[in-house]
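*Asks:* Protein chains in written order, with this note's numbering: chain A, 31 to 289; chain B, 187 to 313.
Hints listed in this document are in silico derivations from the structure and should not be mistaken for laboratory results.
Fair warning: there could be bad hints in the mix.
[What the hints assert, rightly or not] Simulated pairs of lysine-lysine, PhoX-like, Cα-Cα distance not exceeding 25 Å:
no., chain 1, residue 1, chain 2, residue 2
1, B, K190, A, K219
2, B, K288, A, K125
3, B, K201, A, K58
4, B, K201, A, K88
5, A, K281, A, K219
6, B, K201, A, K153
7, B, K201, A, K125
8, A, K269, A, K125
9, A, K152, B, K190
10, A, K188, A, K282
11, B, K190, A, K153
12, A, K44, B, K201
13, B, K190, A, K44
14, B, K201, A, K152
15, A, K59, B, K201
16, A, K281, B, K288
17, A, K150, B, K190
18, A, K38, B, K201
19, B, K190, A, K38
20, B, K201, A, K269
21, B, K288, A, K282
22, A, K269, B, K288
23, B, K201, A, K150
[Stated by the list, open to error] Covered stretches of chain B, going by a simulated chain A footprint (3 or more residues, C-beta under 8 Å):
no., region
24, 197-209
25, 277-287
Fair warning: this is a prediction, and the values are worked out from it, not measured in the lab.
Where is the CB? At the ideal position from N, CA and C, for every residue including glycine.
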Amino acid sequence: MVQINLPKGSEVQKGNYFKDKTGSKNIKKVNVYRWDPSSGDNPRIDTYEVDMDSCPSKVLDILNKIKNEIDPTLAYRRSCAHGVCGSCAMNMGGKNGLACTKPHSEIDGDIDIYPLPHLKVKKDLIGDLDGLYRQYKSIEPWLKTNSKSDSMEIIQSKKDREKLDGAYECIMCACCSTSCPSYWWNGDKYLGPAVLLQAYRWIVDSRDDERQARLKKVADELKLYRCHTILNCTSACPKGLNPAKAIAEIKKMLATANI
Amino acid sequence: MENKRPLSPHIQIYKWHISSLVSISHRITGIINIIGITFICLWATLLLLGESNYLVINSFLNTLIGKFIILGLTWSFSFQALSEIRHLIMDLGYGFQIQITKITGLLVIFGSIIFTVIFYFIGKNLI
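Let the sequences and hints guide you as you build the complete structure.
*Replies:* Below you can see the structure in the form of structure tokens.
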């Protein structure tokens, strides 16, 4: 259901202010969403003054700086720092992306950092993605083939392989799904752009023999057709992929195929 | 503990862009058009019942509010039609590159305003 306001207990309050102690002239204010599960308080926005002279170029560098030098209680996910693992997906300057690939110079004024939108928050910038992983499992993201041989590879032409370009590169960071208003309102039923892009990836794989069954499974008013081409997903994707186009391709297949 | 977890902010913080604006406007103009068409149908029905009805509606539509409603409906019909064409093209699988969606979105926004002006001049017998 469409619910514009945050539920009770989720409203964001003003938090602490951490003044700069380095005496630097090049200061940037960074507002970070905080929530501590061990306290019964509402989430709050803490503001940190960060010395930009000694800060590398990405938003993740700012967070590391805050955690190492100002406030070690800040919690966020990060791992590879090269835009490959998808751990540090969050909302920066009103847009989803990976903190490790997002240059902070692209954000004007104060930098606002929130967890991925419309998720249950575990702590600070860490959202609960269990629902998304369950949906991912539901599309059975593995090869299903009738091939009897277990020693021979399944041959794929270059042209068929090309169909997977723009789909297999997805790192499942959930930037797209959590940017989608349809997914916010119907996330329990609508699969969302990330999972549908993966569904598409297996539907168009020439080596897969369950194409019809996969299409049938995804052909559902709520699972697929909640996409209204808002295109928040495509504009959020840190890997430059196009989930909206993949969803449109699935719709097109369903409209033209005989299922 | 599970239930205590707060919901992270969503529409309150997410940045708008052309495509999301056009998409939400498409829905809003859709609702306005349904209401508008209903009233136009009612008006047409009332015409069958005699001239006096026509005069009442005519004088209402000539007030400032009436004129605003007519212009507003002209815009929302224009917007809906153009935006629907954009959706049809997307349903065919074209125009999904971010740059293109920006251009088509702007075309819908400015096109609807231009259409409204054209219809206004046609209505005033100036064209």
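*Asks:* Within 25 Å, alpha carbon to alpha carbon, are B:K201 and A:K269?
*Replies:* Within the cut-off at roughly 19 Å; holds.
*Asks:* Within a Cα-Cα threshold of 25 Å, do B:K201 and A:K58 meet the stated pairing?
*Replies:* 21 Å, holds
*Asks:* Given the hint that A:K44 pairs with B:K201, test it: the Cα-Cα distance must not exceed 25 Å.
*Replies:* 21 Å, holds
*Asks:* Would you mind confirming whether the straight-line C-alpha gap from A:K150 to B:K190 stays at or under 25 Å?
*Replies:* Judged against 25 Å, a Cα distance of about 9 Å means the pair holds.
*Asks:* For a C-alpha distance cap of 25 Å, please report whether A:K269 and B:K288 respect it.
*Replies:* 19 Å, holds
*Asks:* With a cut-off of 25 Å on the C-alpha distance, tell me whether B:K201 and A:K152 pass.
*Replies:* 24 Å, holds
*Asks:* Can the restraint linking B:K201 and A:K150 be considered satisfied, given a maximum Cα separation of 25 Å?
*Replies:* 20 Å, holds
*Asks:* Check the hint pairing B:K190 with A:K153 against an upper bound of 25 Å on the C-alpha distance.
*Replies:* 11 Å, holds
*Asks:* Given the hinted pair B:K201 and A:K88, is their alpha-carbon gap at most 25 Å?
*Replies:* 20 Å, holds
*Asks:* Under 8 Å between beta-carbons, do enough residues of the region 197-209 of chain B, three at least, approach chain A for the coverage claim to hold?
*Replies:* holds (count 9)
*Asks:* Is B:K201 close enough to A:K153, meaning Cα to Cα at most 25 Å?
*Replies:* 23 Å, holds
*Asks:* Hint check: A:K152 vs B:K190, CA-CA at most 25 Å. Holds or violated?
*Replies:* 10 Å, holds
Violated hints for the displayed structure: none, as all numbered hints are satisfied.
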